[in-house]
Structure formats: structure tokens, C-alpha cells
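Number of protein chains: 2
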Amino acid sequence: RKESFKVDHFGFDVNLTFKQRYLVANQYWKKENGVILFYTGNEGDITWFCKNTGFMWDVAEELKAMLVFAEHRYYGESLPFGNLSFTDSKHLNYLTSEQALADFAILIESLKKNIPGARNSPVIAIGGSYGGMLAAWFRMKYPHIVIGALAASAPIWQFMDLVPCEGVQWISEAFHLCNPLRSQTDIIVLKSWLAETWVNLAMVDYPYSSDFLMPLPAWPIKEVCKYLTDPNESDKVLIQNLSQAVNIYYNYSGEANCLNTSQTATSNLGIQGWSYQACTEMVMPICTTGISDMFEPQEWDFAAYSDQCFLEWGVRPRPLWIPTVFGGKNISSHSNIIFSNGALDPWYAGGVNENITDNLVSIVIPDGAHHLDLRARNIDDPQSVLFARAKEVEYMKKWIEQFNGHH
Amino acid sequence: RKESFKVDHFGFDVNLTFKQRYLVANQYWKKENGVILFYTGNEGDITWFCKNTGFMWDVAEELKAMLVFAEHRYYGESLPFGNLSFTDSKHLNYLTSEQALADFAILIESLKKNIPGARNSPVIAIGGSYGGMLAAWFRMKYPHIVIGALAASAPIWQFMDLVPCEGVQWISEAFHLCNPLRSQTDIIVLKSWLAETWVNLAMVDYPYSSDFLMPLPAWPIKEVCKYLTDPNESDKVLIQNLSQAVNIYYNYSGEANCLNTSQTATSNLGIQGWSYQACTEMVMPICTTGISDMFEPQEWDFAAYSDQCFLEWGVRPRPLWIPTVFGGKNISSHSNIIFSNGALDPWYAGGVNENITDNLVSIVIPDGAHHLDLRARNIDDPQSVLFARAKEVEYMKKWIEQFNGHH
Numbered sequence: 258r259k260e261s262f263k264v265d266h267f268g269f270d271v272n273l274t275f276k277q278r279y280l281v282a283n284q285y286w287k288k289e290n291g292v293i294l295f296y297t298g299n300e301g302d303i304t305w306f307c308k309n310t311g312f313m314w315d316v317a318e319e320l321k322a323m324l325v326f327a328e329h330r331y332y333g334e335s336l337p338f339g340n341l342s343f344t345d346s347k348h349l350n351y352l353t354s355e356q357a358l359a360d361f362a363i364l365i366e367s368l369k370k371n372i373p374g375a376r377n378s379p380v381i382a383i384g385g386s387y388g389g390m391l392a393a394w395f396r397m398k399y400p401h402i403v404i405g406a407l408a409a410s411a412p413i414w415q416f417m418d419l420v421p422c423e424g425v426q427w428i429s430e431a432f433h434l435c436n437p438l439r440s441q442t443d444i445i446v447l448k449s450w451l452a453e454t455w456v457n458l459a460m461v462d463y464p465y466s467s468d469f470l471m472p473l474p475a476w477p478i479k480e481v482c483k484y485l486t487d488p489n490e491s492d493k494v495l496i497q498n499l500s501q502a503v504n505i506y507y508n509y510s511g512e513a514n515c516l517n518t519s520q521t522a523t524s525n526l527g528i529q530g531w532s533y534q535a536c537t538e539m540v541m542p543i544c545t546t547g548i549s550d551m552f553e554p555q556e557w558d559f560a561a562y563s564d565q566c567f568l569e570w571g572v573r574p575r576p577l578w579i580p581t582v583f584g585g586k587n588i589s590s591h592s593n594i595i596f597s598n599g600a601l602d603p604w605y606a607g608g609v610n611e612n613i614t615d616n617l618v619s620i621v622i623p624d625g626a627h628h629l630d631l632r633a634r635n636i637d638d639p640q641s642v643l644f645a646r647a648k649e650v651e652y653m654k655k656w657i658e659q660f661n662g663h664h
Numbered sequence: 258r259k260e261s262f263k264v265d266h267f268g269f270d271v272n273l274t275f276k277q278r279y280l281v282a283n284q285y286w287k288k289e290n291g292v293i294l295f296y297t298g299n300e301g302d303i304t305w306f307c308k309n310t311g312f313m314w315d316v317a318e319e320l321k322a323m324l325v326f327a328e329h330r331y332y333g334e335s336l337p338f339g340n341l342s343f344t345d346s347k348h349l350n351y352l353t354s355e356q357a358l359a360d361f362a363i364l365i366e367s368l369k370k371n372i373p374g375a376r377n378s379p380v381i382a383i384g385g386s387y388g389g390m391l392a393a394w395f396r397m398k399y400p401h402i403v404i405g406a407l408a409a410s411a412p413i414w415q416f417m418d419l420v421p422c423e424g425v426q427w428i429s430e431a432f433h434l435c436n437p438l439r440s441q442t443d444i445i446v447l448k449s450w451l452a453e454t455w456v457n458l459a460m461v462d463y464p465y466s467s468d469f470l471m472p473l474p475a476w477p478i479k480e481v482c483k484y485l486t487d488p489n490e491s492d493k494v495l496i497q498n499l500s501q502a503v504n505i506y507y508n509y510s511g512e513a514n515c516l517n518t519s520q521t522a523t524s525n526l527g528i529q530g531w532s533y534q535a536c537t538e539m540v541m542p543i544c545t546t547g548i549s550d551m552f553e554p555q556e557w558d559f560a561a562y563s564d565q566c567f568l569e570w571g572v573r574p575r576p577l578w579i580p581t582v583f584g585g586k587n588i589s590s591h592s593n594i595i596f597s598n599g600a601l602d603p604w605y606a607g608g609v610n611e612n613i614t615d616n617l618v619s620i621v622i623p624d625g626a627h628h629l630d631l632r633a634r635n636i637d638d639p640q641s642v643l644f645a646r647a648k649e650v651e652y653m654k655k656w657i658e659q660f661n662g663h664h
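Protein chains in written order, with the working numbering: chain A, 258 to 664; chain B, 258 to 664.
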């Protein structure tokens with residue numbers, strides 16, 4: 258379904274509207290003491306997130322829940338200016354997390370008004386990764402609209418001070434690169450492509466064969482590491498091994514003729530949109546030391562980063578804005594947010610991994626990769642994720658009970 | 258003092274900055290367990306609010322407080338585009354409550370960073386009227402920045418459904434009008450000028466001679482009503498009596514040669530700015546019945562209101578936005594806000610006049626007009642305002658204690 262929204266919620270000069278897409282499933286919904294589970298869409302096509310968030314489907318019956326998946330503006334089909342949306346900083350001006358949260362707030366008010374029986378239904382926000390940040394921030398800023406939030410693998414504390422970096426230098430043929438390396442820049446791109454591959458692999462180190470960022474075997478890190486056991490091999494063999502390791506991620510299906518260093522994940526992700534967001538609000542400092550991590554040392558160089566952003570998008574990032582508007586580490590006055598994180602996930606370090614208060618709780622999943630808890634039930638799920646999901650449902654039931662007690 | 262701020266906190270295309278004015282008094286401030294009392298400036302010159310908020314000066318020593326008065330953008334000297342600020346809807350696009358709150362947040366962060374010893378100081382927001390709304394909303398949206406808020410005479414619930422209206426038809430000479438009535442429009446203007454006069458009088462019905470909206474005697478409503486005792490007089494006498502009554506408000510000093518129906522209060526108020534805000538976010542429905550009030554019946558006609566706004570400013574109001582973004586009546590998940598209201602104040606009805614939770618409390622001042630509690634101590638203060646102020650200080654001390662207990 259689609260709904261019309263203001264392009265600019267925070268100014269009155271631009272009075273344009275655009276169509277935002279959202280998906281609704283209400284076969285499990287019970288008007289009496291049911292709930293609306295609302296997925297706060299992140300940087301990609303909402304149908305893809307819908308398919309990869311089986312958890313919501315798995316708990317729908319138990320919670321008598323209506324499921325709503327809302328697409329984030331500037332992603333999927335929700336483009337405020339159609340094909341012109343990414344043309345310049347003027348058209349991109351309305352791509353911010355605050356605008357997206359306002360879209361969600363207004364969508365929920367509209368659903369409550371227009372779906373018979375929904376008016377007094379409690380709503381819980383659910384999201385993973387950037388969508389998890391949005392779920393948490395949504396509860397913080399609009400607690401009158403959602404009674405709580407499940408923020409899975411949401412690195413909301415990645416904005417202050419943290420780290421990853423770059424790889425080593427390789428040869429085009431060994432990697433079957435689609436475009437052979439030509440310049441120093443190509444080498445930098447290759448290295449960052451490799452580094453991103455390891456990070457992505459860790460994010461989707463799921464206990465069963467899956468197809469989130471790429472089609473992969475169960476526990477893909479283990480598969481990849483099989484090729485990387487002996488650091489004493491010759492350089493040539495090391496490179497060949499590395500190439501085979503990378504192939505697990507990029508060519509598990511065996512259908513790729515060559516590897517393209519400009520693509521590191523599914524095309525369902527809105528690369529352009531996220532690149533702009535990373536150049537404006539979503540400034541998440543990343544650096545590596547080569548000592549406490551497996552990457553080449555690389556400092557966080559904000560000036561260079563800002564220059565690159567200006568070159569690419571005509572905008573300068575504002576690194577302090579997100580902590581200012583969403584509270585940074587000082588969020589204890591909020592309530593009813595679950596922060597879940599998988600300890601296998603590279604983003605784990607930027608997340609909330611300790612209870613802040615009784616109502617602002619952390620769930621750590623030792624065997625979990627990037628928001629494994631949001632995925633559908635699977636026979637190979639480790640015990641720790643089953644436990645996490647049960648805890649999550651328990652908290653949600655408590656919020657719903659509290660809400661019903663008040664109304 | 259002045260500080261540079263982004264003109265647009267919610268978009269990255271416009272990277273301009275402007276100078277925001279603020280006043281600081283730190284003679285009473287103690288770095289150890291002191292506090293920063295932060296006045297969230299409203300629709301006017303900040304020096305005028307500073308002079309009329311004696312309460313903050315009166316409690317500064319007891320609370321070891323630094324006082325900060327921040328000017329609201331587009332008022333006083335804080336004009337984002339200088340003299341061009343009001344030229345069109347493009348220049349006015351950044352006049353919203355959300356932008357103003359972001360200014361305050363960033364100003365506080367900057368003060369904490371730059372004033373030695375302020376880094377860990379708790380901050381309490383204080384404001385009256387629209388400034389009171391801002392103080393309450395500031396605590397709701399930025400609880401990591403202010404530990405609590407005193408929202409005096411803040412009609413945050415005026416956005417849903419309420420009421421005042423218009424007067425009767427009179428003659429130019431009897432009122433000593435500067436510009437004689439000529440058209441139907443002039444009569445409408447006169448009537449609304451009269452009605453606004455009564456409302457303003459009630460707002461400043463203070464127990465001692467004061468000079469907030471106009472120079473006035475103590476309990477001005479009593480003075481005015483002396484002329485309005487007998488409704489059975491002839492029309493002519495009634496008009497003459499009314500003229501004398503109005504003179505209390507507009508010419509207590511005796512210096513005015515004629516009365517100007519286009520001015521109803523001090524020029525310290527930013528009439529233009531508020532008119533734009535009322536045409537965009539601050540849509541506060543007002544209507545009168547002639548039965549439950551003393552005014553002519555007048556329905557709330559949103560369509561006409563919207564058309565008038567479009568004519569005047571080129572923008573259309575969004576009446577649902579403020580309840581959506583700030584929670585409407587559903588604000589119980591927030592904390593540490595005092596809503597104080599004077600029962601003599603016409604805005605009383607739009608305020609929060611019952612405790613919502615233990616931490617979201619109401620203080621009603623039966624003998625109080627518009628934020629009397631924020632004014633300086635006075636020998637003629639009624640007992641009820643002394644009691645209110647003592648309660649307010651008590652709550653603030655509790656917040657500071659809580660804060661210090663955590664840090």
C-alpha cells in the first residue's frame with residue numbers, strides 16, 4: 258500500500274508530498290488486546306526486509322499482531338522526487354532520520370484512524386541495524402505513539418568513538434576481478450572491498466544457509482576460514498587462498514564469472530541513499546589499529562571524510578548532531594526499549610550491551626550475527642537466540658499489559 | 258553574547274549560519290552542586306523576557322544557579338537572514354519550534370564545553386507561555402540535555418479543542434481611534450482588538466502595578482470593571498464606559514493621544530514571527546459561544562484560517578503536526594516537568610491542570626494571571642503564588658539531587 262506524506266515535515270515552504278510504501282499483514286491480528294508490530298524500515302527495499310524479518314511473522318499469532326512494514330523515504334519505491342531524488346543536495350535535503358521518524362509517526366496515526374478497530378491498539382516498533390536505531394529513536398522521540406521498541410543490532414553508540422579499516426594489496430587475476438586494478442585508487446578500493454567483505458561476512462554469520470546480503474552456507478565464517486589456516490604459506494599461495502575465501506561470499510552459487518569490487522552486498526540495499534546519509538547525519542567513525550583487530554592500521558580522518566562527502570554530494574557531515582538529538586550515551590530517562598546484539602556481529606561494539614535501567618534493557622546473543630533474532634525460526638538456531646526471542650516476546654507482553662492497564 | 262548556529266538543523270543542503278543572542282548571569286553560580294537555569298526564549302526580545310522573569314533571579318542564590326536566557330530564532334536580534342528574515346516563505350522556512358529547540362540543545366552543549374566547570378552541571382529549562390511550551394517540549398525531546406522543566410502558563414493542550422472570540426461594534430470617536438473606522442473590515446479589526454484587549458488584560462491581571470504587556474495598575478481587571486457595572490445604561494453611555502475601560506489598558510500612563518487598533522501589546526513581542534508560527538505549527542483553535550463566555554459567538558473556521566495564512570505568508574498550517582510530534586494529551590512517559598498555571602489566565606484552559614504522574618506535575622495558582630510565578634518576588638504577591646514558587650524550587654532541588662546521585 259502507499260500513503261501520501263509531506264516531503265518536509267520540519268518546514269512549511271515546500272508543500273510537496275510523495276508516496277510512501279508500506280506492507281500490512283493482518284491475518285493474525287485481534288482487535289481485542291492485539292498489538293501492531295511496526296517495522297521501522299531502513300536503507301533498502303522494504304519487501305526485502307519484510308522477507309528477512311521472519312521473527313515478526315513467527316510471533317504474530319502469539320501476540321495477535323498486525324504486521325506493518327514501512328519503507329524508509331529515498332529507498333525502494335518511496336522516492337520523494339522519483340528518478341530525480343538523488344540528483345543533487347537540494348533533492349536530497351529531506352533524507353534524514355528525523356524526517357523518516359516523522360513519516361512513521363504520521364503513518365501510524367493514519368493507520369489507527371483508517372483501519373477499523375485499530376484506534377486504541379498499542380504499537381511496538383521493531384527494526385534491525387539502522388532500522389534498529391530508528392526503532393529505538395522512535396520510542397525515545399515518539400513515546401506517545403509506540404509503547405516500546407525492539408532495536409536489534411542497532412549500533413546507536415557507534416557515533417562517539419570506535420573502529421574498522423583496510424586490507425592488503427592483491428592481484429586482479431587471482432581475484433577474478435571484473436575490472437583489473439589500474440591505479441593507486443583501484444588498490445584502495447580493492448582493499449576496502451576486501452575489508453568490507455570480512456565485515457559483511459561476520460554480520461551474516463548465521464547458523465544455517467541463508468540469503469541476506471548474499472547466498473551463503475551455514476556458519477560462513479567457518480567456511481571462509483578453512484582457506485585461511487596457515488599464515489606461513491608463500492605470498493602467492495596466500496593470495497590464492499584469500500581468493501577462494503572471498504569466493505565463498507561472492508560466488509557461493511558458482512554463477513559469477515568475475516568479481517566486482519564496487520558491489521559488496523545485495524542490490525536491495527540503497528547504496529546511494531546510505532552513502533548520502535553517512536555523509537550527513539550517520540557519521541559513524543571507523544578506524545583500525547592492526548593490533549586489536551585483523552585490519553591494517555587506519556586512523557579516522559574526519560577532514561578527509563568531510564571533503565570526500567562534499568565532492569560526492571555537495572554536503573558536509575555534522576558528526577555531533579545525532580548524539581545531540583538522540584542523547585548519545587545519556588538515554589536513561591527513556592523506557593521500554595530492548596537492545597539486542599549478536600556477539601559475532603562487527604557492529605556489536607557500537608551497540609548497547611548492558612542494561613541501562615529496568616526498562617531499557619540489553620540482550621546479548623553470544624552465537625548471534627547481525628540481528629539473527631529478527632530472522633525466522635530455524636531448526637539450526639542456537640539456544641542463545643531462542644532464549645533472546647523468548648525474552649523479547651516477554652518484554653513486549655509486559656508493555657502491552659501495562660498499556661492495556663492504563664486504557 | 259552571541260553564538261553561531263546552523264540555519265537548518267534538519268537538512269544539509271542549506272549550510273548557512275546565523276548569530277543567536279543569549280544572556281548569561283553567573284554571579285550566583287557555584288560549580289560544585291550548582292545548576293544552570295536555562296530560559297527557553299519565546300516570541301520576543303530576550304532582554305524583555307529576562308527583565309520579566311524575576312523568579313529566576315530570586316532563586317539564583319538558593320540554587321547556586323547560573324542563569325542563561327536564550328533568544329528564540331527570528332525574534333529580537335536573532336534574525337537568521339537579518340532584515341530579509343520575513344520577506345517570504347523561503348526565508349521563513351526555518352522558523353519552527355523544532356529548530357528553536359535544536360538551537361537551545363546546541364547552545365547548552367556549547368556552554369558546557371566552553372565555560373570552565375560547567376561540563377557536568379545539571380540544566381533546568383524554564384519558560385512561560387510559548388516559552389513554557391518550549392521548556393516542556395525541550396524536556397520531552399532532549400531529556401539528556403535538561404534534567405527537568407518548569408513550564409509556566411504553557412497551553413500545550415490548546416492544540417486539540419478550545420475557545421475565545423469577538424466583541425461588539427463601536428464608534429471611532431468614542432474610542433479615540435488613531436484611524437477612524439471605514440469598512441466592514443475595520444469593524445472586524447476593532448472587535449477583535451477589543452476582544453484581544455480583554456484577553457490580554459486577564460493575562461496580566463497581576464496583584465501589583467506592572468509593565469509587562471502595557472503599564473498597568475495593580476489588579477487591572479478590577480480597575481477596568483469599575484467602568485462596566487451597569488448593563489442597563491443607554492448604548493451611548495455603554496460605549497463611553499467601554500472606552501474608559503479600554504483606556505486603562507492602552508493609556509494608563511495618559512500619554513496616548515489616540516488608540517491604534519493594530520497594536521495590542523508591547524512592541525517587544527515579535528508580532529510578525531508569531532503570526533507566521535500561528536500560520537504553520539502553532540495552530541491553536543479559538544472559538545466563542547456567547548453563552549459559556551463573554552464574547553460574541555464565533556466558530557473555529559479552519560478553512561478560512563488556512564486561506565488567510567496562505568494569503569499573508571504563502572504557507573498552509575498543519576494543525577495535527579504539534580500533537581503528532583509532541584504527544585498531545587498522551588505524554589505520561591515523560592518526566593520532570595512542572596506545569597504551572599494561573600486560574601485568572603485565559604490560557605489556563607489550554608494547560609495541564611492535573612498531575613499526570615509523580616514526575617509530571619501540575620501547580621494551579623488560584624490568584625495567578627499569566628505566569629505570575631515567573632515574575633520577581635513582590636510584597637503584594639498572593640499566598641498562592643508564594644506557595645507555588647516554593648513547590649517549584651522544591652521539585653528542582655529534587656531533580657538536582659537525583660542528577661547528582663547518578664553522576
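Be aware that a few hints might be false.
One copy or two, either will do: identical chains are not told apart, so a pair holds if it fits within one copy or between any two.
[To be verified] When the alpha-carbon atoms are kept at most 25 angstroms apart in a straight line, the in silico DSS-like pairs for lysine-lysine are as follows:
| # | residue 1 | residue 2 |
| --- | --- | --- |
| 1 | LYS483 | LYS259 |
| 2 | LYS483 | LYS288 |
| 3 | LYS347 | LYS276 |
| 4 | LYS287 | LYS479 |
| 5 | LYS288 | LYS586 |
| 6 | LYS448 | LYS287 |
| 7 | LYS648 | LYS276 |
Treat the hints as calculated values from the structure; they're not laboratory data.
Now for the hints, and whether the structure bears them out:
1. Taking the closest pair of Cα atoms, LYS483 and LYS259 never come within 25 angstroms of each other, the shortest separation being 47 angstroms inside a single copy and 62 angstroms across copies.
2. Taking identical chains as interchangeable, the C-alpha atoms of LYS483 and LYS288 are never at most 25 angstroms apart, the minima being 52 angstroms within one chain and 59 angstroms between chains.
3. Taking identical chains as interchangeable, the C-alpha atoms of LYS347 and LYS276 lie at most 25 angstroms apart whether they share a chain (19 angstroms) or sit on different chains (24 angstroms).
4. Taking the closest pair of Cα atoms, LYS287 and LYS479 never come within 25 angstroms of each other, the shortest separation being 43 angstroms inside a single copy and 59 angstroms across copies.
5. Taking the shortest alpha-carbon separations for LYS288 and LYS586, only the inter-copy value of 23 angstroms comes in at or below 25 angstroms, while the best intra-copy value is 37 angstroms.
6. For the homomeric pair LYS448 and LYS287, neither the shortest alpha-carbon distance inside one copy (52 angstroms) nor that between copies (54 angstroms) is at most 25 angstroms.
7. In this assembly of identical chains, LYS648 and LYS276 lie within 25 angstroms of each other by CA distance neither inside one copy nor across copies; the values are 36 angstroms within and 50 angstroms between.
Going down the numbered hints, you'll see the structure goes against 1, 2, 4, 6 and 7, while the others check out.
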